[in-house]
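Can you build the whole structure from these sequences, using the hints too?
Residue numbers (the numbering used here), protein chains in the order written: chain A, 1 to 534; chain B, 1 to 756.
These are computed hints drawn from the structure, not numbers from a lab. One or more of the hints may lead you astray.
Quick list of in silico lysine-lysine cross-link-like pairs, BS3-like style, CA-CA up to 27 Å [stated by the list, open to error]:
id	chain 1	residue 1	chain 2	residue 2
1	A	LYS57	A	LYS529
2	A	LYS492	B	LYS37
3	B	LYS32	A	LYS492
4	A	LYS198	A	LYS221
5	B	LYS100	A	LYS518
6	A	LYS198	A	LYS529
7	A	LYS529	A	LYS221
8	A	LYS529	A	LYS288
9	A	LYS65	A	LYS76
Since the model is a prediction, treat every value here as computed from it, not as a measurement.
In case you want the letters, here they are:
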Amino acid sequence: MDVLRNNNALLTIGTFLPLAGVLVMMFIPSGKELLHKQIALLTALATVAVGVYTVAKFDFGNAGKLQFYADTSWIKVIHSNYTIGLDGISLPLYMLSSVITLVVMVYSWDHIPSPGNAKAFLILMLVLQTSMAGTFVAQDLILFFVFFELVLLPMYFMIGVWGGEQRQYASLKFFLYTMFGSALMLVAFLALYWQVSKNGLSGQASFSIPYLAAHGGVLGKTVQIWLFAGMFVGFAVKVPMFPFHTWLPDAHTQAPTQGSVILAAVMLKLGTYGFVRIAIPILPAAAKAWAPWIGGLAVIGIIYGALGCLAQTDMKRLIAFSSVAHMGFVMLGISTLTTLGLNAAMFGMVAHGLITGMLFFVAGSIKDRYHTLEIKRLGGILKQMPRMGWILGFCAMASLGLPGLAGFWGEFPVIVSAYQPFTNTNVFRVYMVVAAVGTVLAAGYLLWLFQRVAFGEPPEEFSGHAPAHSVGAAANDTLHGDEIHHDIHDVKLTEWLAWSPLLLGIVVLGIYPQLLFKVIDPAVQVALKAYGKG
Amino acid sequence: MLAAETGWFLEHAYLIPVVPAVAFALIIFFGKRMPMKGSEIGVASMVTSLVLAAGTAYQWIERVDFFSPAGDNASALGGFGRAFRLNAEGATFVQPVINKIVWWQSGGMEFGLGQHIDGLAVMALLLVALISTLVQIYSLEYLRGDRRYTHFFAALTLFSAGMLAMVLAENMVQLILGWEIMGLCSFMLIGHWWEDAANSRSALKAFFTVRVGDIGLLVGTGVVFFAASAYATRHGSNGFSIQSINEWALSGTGSHTVLLWGSVALFIAAIGKSAQFPLHTWLPDAMAGPTPVSSLLHSSTMVVAGVFLVARLYPLFHTGLDINVAGQHFNLIAVIGGITIIIAAALAFVQNDIKKVLAYSTVSQLGYMMMGLGVGAWTPAMFHLFTHAFFKCCLFLCAGSVSHSGSHHSFDMKKDMGGLARKMPITTTCWILSTAALCGVPYFSGFFSKDEIIDNARNNNYQVFFVVGLVGAFMTTAYMTRATYLIFFGKARGAAAGGHAETLATADAHDSHARVPAMANAASDSHDAHDAHDAHAGPHESPVLITGPLVVLASLAVVAGYINAPVWPFHTERFAEWVANSSGVAFPILDHAQFEWVNAVPSIMLVLGGFVVSLFVCRSIYGEARSPLRGITTRVAPLRWVHTFLVNKYYLDALYENVIVRGLVGPIANGAYWVNQNVLDRIVNQAGIGARKTGGWVYRNIDQRVVDGAVNGSGAVTRGSGTALRPVQSGKVNQYGALLFGAAAIGALVLVIVNT
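Following this line, the structure appears as structure tokens:
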């Protein structure tokens, strides 16, 4: 096992730093909202700062190796260790989670959803950050599982307490559905542990992911297929892949804006990350057998998600369904089992995080102002809030995979890679065409949404005007709108502060994707070592 | 390998798209604070690009001349009769100038971003930069006072940047980048006045239709990437590189099936972008945008991108579709091009909107270019692309000029025009010169390009397409004569006659909608003349910012052809030498026809015939005298049917919009969603209920305490979840709690199976 152990306290600090903030906040009465916000924001900032320092210390020449590697015994009786490390696959997602938490904190400065209680809300978000970051650095299956499950709790409360009208149904469904998947995943982890220690060459028992990746190949194909099945359900529910996606629209629609953003931007990636980090490297024979099925579900998801979007009448639910389609692209890339496909999938995860996170932010802000997200009732946003409208248009363009913006790099290479997958070439060529059709549908639902919501004249109920819009007055419309509807105002300072990192990221990664590919590529090659030349 | 004769401009040609791209960002962020609202940044960037492009072209010509044997035997070759030879065969060729940086990587393989400068790229760069500059200058006046003036210039600048980035693309991914950026900008510009639902619908339609074609682009790029990969890697490149793809296609190492599918897929993209049949329907709707946009879109950017793609990867198409193989009289490109020529020209006859006539004319001319490529007439097709840009851009800008100053923002030829020739002499002259060029009147630029396409179809044994080309020439002349007659001659009608009260309400007068509020604001502008004219000055000539570009373009429409005029007394073939002879190392061997007057006679006769017949019919139908031809399309049944069929655009729009799109958005999407809610989600809920029932059964019959405790436990967790949670719907909790345990049970089962 070839790892770099320098600076190995860094990841632990970066992961658990948010809990320090939580500890401080616990002892401050909940009445002092401003103080809570300040502490939470400061903690998130400090976490990002540690993250940036980590990136600075990261050896990019060795992006394929685990770095900052720490390994101490944890639960001795089952040989589970506290093993953490960071390579090119983990680094982007690790950074993404801390950045998303920061921007969500900034957004929360004046957007604490009802029924208030900033203290609890912010504490939950910090706990969430620790568990998400922990999942991305964990290199031990039990540790991974603990973090993976820990993510559920804060999100469950966020939806259940601060959510919409059907929050209880949605939060329970989210929690239990994911738990259901995780149960199978845990079973698979345990079985893997036993099987490897039984059949392993060294006879050594370990939950260490690098160790298992090196020795998982010894298992028989049938065993691998069953193990993969367990993991598949766990990860596929989280992604979510068709047909395990039905919790997602409910959870997203009911969650508060911050919850939706974190859910879309980071939590969905836990599933796809699980495939790339655990299932694919450890169980190569099973992955080959499963690949055409996963690819098939992925492309069904692409088309199906797009059709679901076309049928929606609620903007937020539409964005939620678009996640099903986008994660379909990611899964298609993963199922090709090639470097090109996996690279694109990894890029797609980050891109989807930034773009869909932004879309949920915009949806949340529109809801704040109009108190509805029903597409039929909205219209002419570009006129009342030009900046908001253009940001929405920008995100829609990024989401449909416009080259020059980040989304393209998670979509185009996936389609290309499906032409020459690791196995089942002919099947995947069909998938390739279907996925390409999916990009057309994506353009359809996103631009149609944009057309209905942003173009045209604002509807009467929000324009504050008599119905007769004299064309001559149209130019001054924004002014009039403001006079009548005080809550309909353009993008605010906190929104700018929260959004600009994401918007900047979408542009920068889109124009110069090598920033990310250079980090991901070596690690992906390592992950696919068991597959020979990808 | 020949020694490189190069220079600063050639090495730094990548700056040509970078300048407007940066300018776009500047306009977006600072445009509104500039004295001219950002338009000065746009114009300045385009002028800079033009200078850079001119420098590049100059150095490229130097490079070509350096390698060619001093053009000594140029006249002896005659026409397009120059053969292209591969390097291996010892003939001269000019190495392209390729520079790139690493853009992305995968599997350790690095993919570039950069420039591929050869004759074709240089020609297109110069063309795009020139046309863009003129259009931006024209827009300064035309869009003055528009409510989104800054946005307009930003989008226009980005549009040019996209096209420029595409034409010098080093690889397919970069080509897609430019390609899609143009799609985005066309969306923004066509929907520029998005307050009107019709405009935003047109914008959506344009983007969406092109996107349908893009399926082919994505798939084709993938196919070709892997197919060319082995060859390319051996030569130190990758399967996205355009030069590698071309070399591979000619190397004979690729399987013909793959070449065929790759080229078919890519051609589908070209169909969408270049508005070829059957994806041409978006282009006429795209007229909803401001006229300068139509002009730019139709002359040198966007729609020619598809033609350019085919030309750029010509070796691939040439090999894949068996172009010029003996005994092959048809291929996909020629067929689509040929069909497009005829059907689009036919539609141009029934349009009342001047811009729509020109739109269908563009579709038809693009058909010529495609057909030319399809019959192996690469150089004439590219030359037609070159000359067409000038006269089509000029025609659109003339149309804009007419609506700006002559017909009070109306584009309806029948209602608001007529007799404008005397009122607008400059515009009229420019229009007529450009029309002559478009029709292919001898010694105008279109003659040297379009006739060569027709002639080469004959020469290369594509008899059917030779006839199609001739028929197209006849139709072109006829519909352009009709339009010219309606606009500039005959009796003045509607706004052209001075009255314009009704025109604002006409549906076709796109520009009018947004211009009215613009007028309301115009007081702050130093634009009194405009206001004055709006207050009933009647038709008059346009100001110099509009006529200036017109004059430049009309002059070019006349003289551009002489770059490659193989006729007495010129005998030049510079275009063939500079552009075609130097399109990279790899190029198929083409046999171009020698120009001879005798071969040009049929088309000249038909052009003349088209003019005479059309003039006669127009005078009868639209003129003042009574005539039996008047109203013939309503009286004679077969003619009425044809007329209705044409007016309804072959019912293709109805098929696409009412059947396919509505079907998709309506029943199919709703059906899928119904399945989602009532099948998939129900399974989840039923699983929960089922598990709960099982749990209940276990509870009652087997082990009361364990299940009881667990369900309560899960309920307790939920209850403890926060004071804000109302008493939990216990049914749901139990249901899902049971589901969890059901899951664990299944898991245990798996465990057992695996371990045995």
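Here is how each hint holds up against the structure:
Among the hinted pairs, A:LYS57 with A:LYS529 is consistent with the structure: their alpha-carbon atoms are about 26 Å apart, no more than 27 Å. Between A:LYS492 and B:LYS37, the direct Cα distance comes to roughly 24 Å. Compliance with the 27 Å bound is thereby established for this hinted pair. Restraint check for B:LYS32 and A:LYS492: satisfied, since their Cα atoms lie roughly 20 Å apart, inside the 27 Å limit. Distance hint between A:LYS198 and A:LYS221 is fulfilled; the C-alpha atoms sit about 15 Å from each other, no more than 27 Å.
Note on B:LYS100 and A:LYS518: the hinted pairing holds, with a Cα-Cα distance of about 17 Å set against a maximum of 27 Å. Our distance criterion of 27 Å between C-alpha atoms is met by A:LYS198 and A:LYS529, whose separation comes to about 23 Å. For the suggested pair A:LYS529 and A:LYS221, the alpha carbons sit about 18 Å apart, so the restraint of at most 27 Å is met. This hinted pair checks out: A:LYS529 and A:LYS288 have alpha carbons roughly 14 Å apart, not beyond 27 Å.
Distance restraint check for A:LYS65 and A:LYS76: the Cα-Cα separation of roughly 26 Å lies within the 27 Å cut-off, and the hinted pair is therefore satisfied.
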